[in-house]
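Participant: Listed below, chain by chain, are the residues.
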Amino acid sequence: GSGGNAGKKVLVVFAAASLSSTFGDLEAEFEAAHPDVDVTVSFGGSADLATQIRAGAPADVFASADQETMASLGDLVVDPAPFATNTLQIVVPAGNPGGVRSIADLAEADLDVVVCAPEVPCGRATREVAAAAGVELRPDSEEQSVTDVLGKVAAGEADAGLVYVTDVPPASRDAVEVIAVPEAAAVVNTYPIAVVQGSPRADRAREFADLVRGEAGQRVLRDAGFGPP
Amino acid sequence: MTTARSGLVLDIVVDDRDVTVRLEVAHGETLALLGPNGAGKSTVLGAVAGLVAPTSGHVVLDGRDLTGVRPHRRHVALLAQDPLLFPHLSVLDNVAFAPRSTGAGRRASRSAARAHLREVGVEDLADRRPDRLSGGQAQRVAVARALAADPAVLLLDEPMAALDVDVVPALRQVLRRALADRTVLLVTHDPLDALLLADRVVVLERGRVVEDGATQEVLTRPRSAFAARIAGLNLVAGRWDGRAVVHGDAVLTGLPSSEPLPTGGAAVAVFSPAAVSVYPQPPSGSPRNALAAVVTDVEPLGDRVRVTTAVGSLTITAEVTPSAAADLELVPGAEVHLAVKAVEVAVHAARRP
Amino acid sequence: MTTARSGLVLDIVVDDRDVTVRLEVAHGETLALLGPNGAGKSTVLGAVAGLVAPTSGHVVLDGRDLTGVRPHRRHVALLAQDPLLFPHLSVLDNVAFAPRSTGAGRRASRSAARAHLREVGVEDLADRRPDRLSGGQAQRVAVARALAADPAVLLLDEPMAALDVDVVPALRQVLRRALADRTVLLVTHDPLDALLLADRVVVLERGRVVEDGATQEVLTRPRSAFAARIAGLNLVAGRWDGRAVVHGDAVLTGLPSSEPLPTGGAAVAVFSPAAVSVYPQPPSGSPRNALAAVVTDVEPLGDRVRVTTAVGSLTITAEVTPSAAADLELVPGAEVHLAVKAVEVAVHAARRP
Amino acid sequence: MPRWLYVPAVLGLLFVLLPLVAMVSRVEWGDLGTLVGSASARDALWLSLRTSGTSTLLCLLLGVPMAVVLARTRFPGQGVLRALVLLPLVVPPVVSGIALLATFGRRGVVGPTLEVLGLDIAFSTAAVVMAQTFVSLPFLVISVEGALRTAGERYEVVAATLGASPTTVFRRVTLPLVLPGLLAGAVLAFARALGEFGATVTFAGALQGSTTTLPTQIYLERFADPDAAVALSLVLVVVAVVVIGVARPGRGDT
Amino acid sequence: MPRWLYVPAVLGLLFVLLPLVAMVSRVEWGDLGTLVGSASARDALWLSLRTSGTSTLLCLLLGVPMAVVLARTRFPGQGVLRALVLLPLVVPPVVSGIALLATFGRRGVVGPTLEVLGLDIAFSTAAVVMAQTFVSLPFLVISVEGALRTAGERYEVVAATLGASPTTVFRRVTLPLVLPGLLAGAVLAFARALGEFGATVTFAGALQGSTTTLPTQIYLERFADPDAAVALSLVLVVVAVVVIGVARPGRGDT
Ligand SMILES: Nc1ncnc2c1ncn2[C@@H]1O[C@H](COP(=O)(O)OP(=O)(O)OP(=O)(O)O)[C@@H](O)[C@H]1O
Ligand SMILES: Nc1ncnc2c1ncn2[C@@H]1O[C@H](COP(=O)(O)OP(=O)(O)OP(=O)(O)O)[C@@H](O)[C@H]1O
Ligand SMILES: [Mg+2]
Ligand SMILES: [Mg+2]
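Protein chains in written order, with my numbering: chain V, 1 to 229; chain R, 1 to 353; chain X, 1 to 353; chain F, 1 to 254; chain Z, 1 to 254.
Hints are computed from structural coordinates only; laboratory data are not their basis.
Among these hints, one or two may not hold up.
Stated by the list, open to error - Pulled from the structure, derived: some chain Z residues nowhere near chain F, Cβ distances all over 12 Å:
#, residue
1, Glu28
2, Trp29
3, Gly30
4, Thr34
5, Gly37
6, Ala39
7, Ser40
8, Arg42
9, Asp43
10, Trp46
11, Ser96
12, Val116
13, Pro215
Claimed, not checked - Here are some, though not all, of the chain X residues that point toward chain R, as calculated from beta-carbon distances under 8 Å:
#, residue
14, Ala162
15, Gln173
16, Arg177
17, Ala180
18, His189
19, Gly232
20, Thr253
21, Arg288
22, Pro300
23, Asp303
24, Thr321
Unchecked claim - A few chain F residues that don't get close to chain R, going by computed Cβ distances all over 10 Å:
#, residue
25, Gly33
26, Ala160
27, Thr168
In this text, a Cβ means the ideal position worked out from N, Cα and C, and glycines have one as well.
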């Protein structure tokens, strides 16, 4: 939405930061279908958003980047349902200066490797992938979020990192190269969406969730690299 | 004159400065505080103004105990040793500060301030910032600012310091007008200030009062070492007849100091004992004043001899060299003639008629 | 005496203070700067010390142009009007600051500092913090600190201000010793300071030099209004014979001021014209000094008459009232006898033998 | 001033300036208009200026009295109190946000009371202002307390003996005397508020137009759209330079 | 001091203290030992103290000369320079981190040069110190410059006429005179470094023992283990209170 929409009905969507490109399109699509509604999407870390909802933030819809966070909200959300999945992949700076070919290379001591910290969901996933591949990672930095991992790699600071490829924003696609990790297929991360309990606009909220999970939504998500739910 | 009810009573001990002082200033009286450096003069003023907290004791003003009363409620204005002009205000606004703060309008305050600046002779500096003043100019503005406060009690710490000799007499006249009928504590190093401005003198030494009395008493017959060194003047109070001060039989021709001196008004003639010559016969010559006298006391005073004489009911002292005292055979009872040049006799209007 | 090569040459214009001054101080000479408040005395000192940047002109010390030279390289110590003791150092360390800064050890500096404190009479305050000093005590410490710097040029701005009358004579002796053979600019309001400490006097008024000459010349025959008001003394230079100053035929008995005065040494007798009595016949009485004189000039001076006389080769002036002048028929050529009491004649060791 | 001081001073200057230059050199000047001119960027800048201004005002209203109390009175426990007042400096902003939520949030200590009064603060523009005020307040208090202590009480004392009431002294002497320190403190507080982000997102969230300030916008776009982030940072920097440059410390006394 | 000033002062105090109390009230005191005593927490605290101390020292070495130059010299463009030096205050820490990366990172402006010299800053403790220094430096510069301006040059001038060289004046007069302001600045810088997080994670990353400072640890654990986060915040608060309390501003003159 944009300013100057006085008189329109509003809909507030809280969405994980990695959804920022896709939900921007979906917002436009929803507003085209409902000209009297102004959608405001608030992006942020899933856990941050959940905390805000817990503290009474005026959200109508919540789209989380992992199921644990959604589950932690318990009764505060109504009928969470998955709408997308993704898996970890290796990113390296453009030109691959470290010569990384597979996840096994990440164990090399002279490579600067960054991953998510074990305290955050992508960090847990990273460990599981590494365990599945039988690789012992010795990262040079354990970052707060996928975005931070990506930032380090895109800046050329690190030689490789493990990220959800859907987190690589279009603008960064020139700066990094992606290397698939077959072992990651076993560790699938699922995105759920739900209407927030007590939303005064529950009907409209459900319509938005349906849009995301429906035909149009899935098309946009697929184009951005997300897997089906 | 010094009742505890009306006026200022101070009875304080300041331990860390070793000051223990008790003194009283009657309502409307001006008290001069004299004493060497570090004697405790500024400390006494600070205690009255509420800036120095005494270890024990109290300050009572017109029956009101000021202990614990905050400075602005004391109605006591202090001109400190350091001018401390507000750096963010112009000279004019510095002087207008007190009237403005006590409710006068901006216009009225400024014109009052301008008048005070004129009195101290720096009206042309009204628009300056304090940091663009010379030392003496700043001192004068500080005097104007204190006068503009028009307080119940005025505390002046060396108001004449840093002033050139040229403006001191004029400023003394200003102060004299301003201090009349006000309760004032005046710290000074100049006995003439005390004489012209104060009713009483208190001398401090090492944090203690060593002398306390009427100004003429202390200046003519000092008992403390410090007062003796700075004072010991001859004072003759009487009426001014246009040429001389007349006191009974004694007539003392002198030159009036700058202030207007009405004929027939009360006046005091001031001259140093050193200016008094002693003759066995009446002298003829330029000295206008010749007085027949009887020696009452002869007392050595370091390298000179102090001769005390009676001229009618007056006591007049002369200082001569020991050889002169011997030549003239000055002993108590001797009849002598005193000569004093008129130009050595300063005549001032008496402070109180 | 005043060559441009050796000593201090100052030729400055400070526009925003309206000060335009040109003066020279010979190497080893002490110059007294007199003048009313705001005349520009402190400004001149500031320009020499490098604290006031002149709009144009230059300051040359011993042939070296100081324009643009930073203060610490000027070898010029300034005792400003405000004591400005370093608040974070004890009194002793304040005085020891200069020796310490110029390379002396801590021990040596401190003991030098202690000696200087003793000289100004405040050795017992050595361990105090400056904020615990009285006004006069701080001033004395500042004097000690400036003396301890032992600079090529010493600038003193009213070093005696805020001091009680009691210590002024002693401090004058200290300064006299310290200033000998040093190049000094001394601002003062007291002609006696000029007389006792300075070789030459410059009088400033409104930012301009109005008088410049040898001290005795200016003090005895002032030409500017300001100097006339503060000076006009009789000075008789000669040898001290133990009782009197002898100058040819003239013998002036007087009392030595506090400093040691060796018999046979050069001395100067100082007395006010007001202290001189004029007689048609030789008087007999206490006045120790009787001098036969011839009137050379009679000139009215406000409410008094100034009588200039010749006593041998000496010029001595007397001030009398107009009526006395008329009675005695004082006209040029008249033969008179002058009497001066010995206690009115102060005798000082002459500055330069 | 010893001249060798220029060496470390220039080193320090380079250390600060190089990164700024490096950042600016990344800006794609051609696209700057588009990047900065987007509706969301304009909303965020306008919100940032409004909220920072308001919180600076709040800091002045609350902080100046706090500084005066700290500088002009003596009481037991004053040292601890001063340390506590300065805590928001040291606590990471996100923790400050959590603490604010724990207090003024719906389930916080005083939040429910406020809600009864009809005040729902969290996730509103008011929450942004509160978060900014919370983190900026110590800057103002420190600057003003320092200025008060250095100015000393001598002039206030003189004013009091001239008959001025404490309020008059405060208004006509204390405030003008510490004006340079006060301005510096206000500039610091404004700058800190302008750059505030951690506490704001935590306590106020990020809703375009009502709680998304410029730093939040920058944070969100830092990797998604690095060019936009850098361009927006540049806007922030320019605003800050203008504010600091305009309200530079007054002349010192010589 | 007018007494009514107590009203806003107490309001301000409550505004700062309530959130801190609310936070502390959440601490589960029984588990505190375990929460704070973990190896990662101890590593983080120790690293924080070490790096903050080092960066405070660096701030002093670079910042004091900068403050002296700003306060004691006059040159064209000085206002702009001062504003630039203060910029790290206003730039969100994350942006500061990006700017540092753009300068000292492997692909930064001077990074490659440093690498040739054998200095690899990335992911090292040195990077943490640099990030902290970058964000803390303005605090020190501001405090010291303010103190220098308020102290004025009069004493320095007196010292110079007494024959002290500029270096001696600086050492024996300037520094002691502004010591209270210098201490206050150092405390502020230390506090800011101690709480620094955004620039650190962006520029230095986070690895236990070498780059994970206490605030990073708190940030990481705020959702995973909120109790530990609150407990660690408490540790930070206590450290800060002790530091600020010990180095409180000296007495003012009266
Ligand atoms: N702030 C202070 N703290 C402690 N002692 C002080 C303080 N100020 C002055 N003193 C000491 O107290 C004594 C009295 O000082 P005070 O200032 O009253 O003297 P004073 O008579 O005014 O002297 P002066 O003529 O030099 O101004 C002195 O010994 C002085 O050293
Ligand atoms: N900082 C300044 N800026 C501008 N003008 C000043 C400054 N200080 C003094 N003045 C002005 O310059 C003139 C000369 O001042 P200066 O301080 O040299 O006088 P002074 O002879 O030392 O007087 P005093 O005997 O009062 O100390 C005065 O008119 C004064 O008002
Ligand atoms: Mg005093
Ligand atoms: Mg002067």
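Participant: All hints are to be evaluated individually against the structure, with a verdict given for each.
Facilitator: Each hint, compared with the structure:
1. Glu28: holds (14 Å)
2. Trp29: holds (17 Å)
3. Gly30: holds (20 Å)
4. Thr34: holds (20 Å)
5. Gly37: Gly37 (chain Z) is indeed farther than 12 Å from all Cβ atoms of chain F, at 20 Å.
6. Ala39: holds (21 Å)
7. Ser40: holds (17 Å)
8. Arg42: Per Cβ check, Arg42 (chain Z) is outside 12 Å of chain F; nearest 18 Å; holds.
9. Asp43: Label holds. Min Cβ-Cβ 17 Å, cutoff 12 Å.
10. Trp46: About 17 Å separates Trp46 (chain Z) from the closest Cβ of chain F, which puts it past 12 Å; holds.
11. Ser96: violated (7 Å)
12. Val116: Check passes; 17 Å lies beyond 12 Å.
13. Pro215: Violated: least Cβ distance 4 Å, not greater than 12 Å.
14. Ala162: With a closest approach of 6 Å, the Ala162 (chain X) hint holds.
15. Gln173: violated (16 Å)
16. Arg177: violated (21 Å)
17. Ala180: With a minimum Cβ separation of about 26 Å from chain R (threshold 8 Å), the hint on Ala180 (chain X) is violated.
18. His189: holds (5 Å)
19. Gly232: Where the cut-off is 8 Å and the nearest Cβ of chain R is about 12 Å from Gly232 (chain X), the hint is violated.
20. Thr253: It holds, given that the least Cβ distance between Thr253 (chain X) and chain R is near 7 Å, below 8 Å.
21. Arg288: At about 6 Å, which falls below the 8 Å cut-off, the nearest Cβ of chain R leaves the hint on Arg288 (chain X) intact, so it holds.
22. Pro300: violated (13 Å)
23. Asp303: holds (5 Å)
24. Thr321: holds (4 Å)
25. Gly33: Given that every Cβ of chain R is farther than 10 Å from that of Gly33 (chain F), nearest at about 45 Å, it holds.
26. Ala160: violated (4 Å)
27. Thr168: Non-interface label on Thr168 (chain F) violated, nearest chain R Cβ at 5 Å vs cutoff 10 Å.
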